[in-house]
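Q: First to last, the protein sequences are chains A and B.
Residue 102 is where the first sequence starts when you use the working numbering, and the numbers rise one by one after that.
Residue 3 is where the second sequence starts when you use the working numbering, and the numbers rise one by one after that.
Among these hints, one or two may not hold up.
[What the hints assert, rightly or not] Among chain B residues calculated to face chain A with C-beta under 8 Å, some are:
hint: 1; residue: P10
hint: 2; residue: Y12
hint: 3; residue: T29
hint: 4; residue: N33
hint: 5; residue: Q35
hint: 6; residue: F47
hint: 7; residue: G55
hint: 8; residue: F90
hint: 9; residue: G99
hint: 10; residue: K100
hint: 11; residue: L101
hint: 12; residue: G106
Keep in mind the hints are simulated off the structure, nothing from the lab.
By construction, the Cβ of each residue, glycine as well, lies at the ideal position given by its N, Cα and C atoms.
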Amino acid sequence: GAGVSQSPSNKVTEKGKDVELRCDPISGHTALYWYRQSLGQGLEFLIYFQGNSAPDKSGLPSDRFSAERTGGSVSTLTIQRTQQEDSAVYLCASSRDRGITEAFFGQGTRLTVV
Amino acid sequence: GQQVMQIPQYQHVQEGEDFTTYCNSSTTLSNIQWYKQRPGGHPVFLIQLVKSGEVKKQKRLTFQFGEAKKNSSLHITATQTTDVGTYFCAKGSGNTGKLIFGQGTTLQVKP
């Protein structure tokens, strides 16, 4: 596609439910990043993929968070047993190459846990 | 360790005044990137600096990379209301693959 696409754009879920967030990167971009941004805060690094591999998962806040990427393209971020502190905007970005070329961001998924 | 520290956190200026945000790292950076996030929007890439002492300009914006490649700055001359937003620096690594962002500097411009 023309840009990074994220879905859904908004998600309201009940505490304890699982949610799945989707990111469709720019075609041909090998690197894909997930960040979390709480209201008025900076970008918290969660995980990045090079192709289908995630060399570093240390940014994931807890074992309730997991992510995968298939076919070197679409990625999903899954949050199990959501908690209120998980409420934030989840941003996905992709770049042509890892860490050394510009990253293009999607519009984000605003997650609200009630 | 892997952090980049950005100051100030907030800056309020009168339209027409200059603005500078600073990004500092305790370790040598292979490159530094700058992004702008408008209120309600997503970060948008502005520029990347790679060389020691590099200076790049984009209209009223001047980006510098320190000689030791441990710090960088973004200077805006004669701010306009369209400059409002949060400016982030980000350090990238071709080795680790991570792209780590500073906390950002939020700029408010009074017309």
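Q: State for each hint whether it applies.
A: Quick rundown of the hints versus the structure:
no.: 1; hint: P10; result: violated (14 Å)
no.: 2; hint: Y12; result: violated (10 Å)
no.: 3; hint: T29; result: violated (14 Å)
no.: 4; hint: N33; result: holds (6 Å)
no.: 5; hint: Q35; result: holds (7 Å)
no.: 6; hint: F47; result: holds (4 Å)
no.: 7; hint: G55; result: violated (19 Å)
no.: 8; hint: F90; result: holds (7 Å)
no.: 9; hint: G99; result: holds (4 Å)
no.: 10; hint: K100; result: holds (6 Å)
no.: 11; hint: L101; result: holds (5 Å)
no.: 12; hint: G106; result: holds (5 Å)
In this structure, the earlier hints numbered 1, 2, 3, 7 are contradicted, and the remaining ones agree with it.
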